[in-house]
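Peer 1: These are the residues of each chain, in order.
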Amino acid sequence: DGGITQSPKYLFRKEGQNVTLSCEQNLNHDAMYWYRQDPGQGLRLIYYSQIVNDFQKGDIAEGYSVSREKKESFPLTVTSAQKNPTAFYLCASSIREATNEKLFFGSGTQLSVL
Amino acid sequence: AQKITQTQPGMFVQEKEAVTLDCTYDTSDPSYGLFWYKQPSSGEMIFLIYQGSYDQQNATEGRYSLNFQKARKSANLVISASQLGDSAMYFCAMRERNFGNEKLTFGTGTRLTIIP
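Top line first, the protein sequences correspond to chains Y and L. Taking our numbering, the leading residue of the first sequence gets 220, the next gets one more, and so forth. Taking our numbering, the leading residue of the second sequence gets 343, the next gets one more, and so forth.
Derived from the structure by calculation, the hints contain no laboratory data. Ideal Cβ placement from N, Cα and C applies to all residues, glycine included. It is possible that some hints are incorrect.
Looking from chain Y toward chain L, a few residues come up when the C-beta cut is under 8 Å (computed) [stated by the list, open to error]:
1. Y229
2. L246
3. A250
4. Y252
5. G261
6. L262
7. Y267
8. Q269
9. V271
10. T305
11. F307
12. E320
13. K321
14. G327
Below 25 Å or equal to it, Euclidean Cα-Cα: the simulated DSS-like pairs (lysine-lysine) are [what the hints assert, rightly or not]:
15. Y/K321 to Y/K289
16. Y/K289 to L/K345
17. L/K345 to L/K415
18. Y/K302 to Y/K276
19. L/K412 to L/K445
20. L/K445 to Y/K290
21. Y/K233 to Y/K302
22. L/K445 to L/K415
23. L/K345 to L/K445
24. L/K412 to Y/K289
25. Y/K321 to Y/K233
26. L/K358 to L/K445
27. Y/K228 to Y/K302
28. Y/K290 to Y/K228
29. Y/K233 to Y/K289
30. Y/K290 to Y/K276
31. Y/K290 to Y/K321
32. Y/K276 to Y/K289
33. Y/K321 to L/K412
34. L/K358 to Y/K321
35. L/K412 to Y/K276
36. L/K415 to Y/K228
37. L/K345 to Y/K276
38. Y/K233 to Y/K290
Given only the sequences and the hints, what does the whole structure look like? Please build it.
Peer 2: Below, the structure written as structure tokens:
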């Protein structure tokens, strides 16, 4: 089945450690996104990519990095510079059809700091 | 200024009643899209409905309809005949295009609780 796969489901980070969250899609979508969600709050855009080898910062990009070497993959690295990384991270991809648009989400990764 | 505003942090609605979740937006992009998503306690984001800025008619998907009032920049979600399974967080989102790049912005959400 087509969809977006995020892994791992749960991730723990030690102080000063970089961690990478995986996001893979087999929907052949050009656009991919990373969002952060804090408890009881909405989604905030971290990074997005419209095409391979190109990406743009979202509203809260500091302390994060991404790459888009393949259309299917958009990994997010949470660096040691991100001082408050504990959150729920959601990856998404989108496609625009003739009269409709669809945005699909992965099942998310919960990142916690040890 | 907030791009997407959801003014109802929480709502309680009796089962079988209709419910309206408010969403207002702000954009200068003439070609934009509006989405509603449902997020149950499991965390997954479930697509509910989409409205394009040039669509003449309000979008409908089963029990969901979008009350699109373009001049007022309003895109309220209406759920008819609410069910216990409708209890969840609901997010309104807007897609804009800035200099060829697309950007999606989400509101802060409304927590809907359906009362038996």
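Peer 1: Hint by hint, where does the structure go against what was stated? Just the numbers, ascending.
Peer 2: 1, 2, 9, 10, 16, 24, 25, 26, 29, 34, 35, 36 and 38
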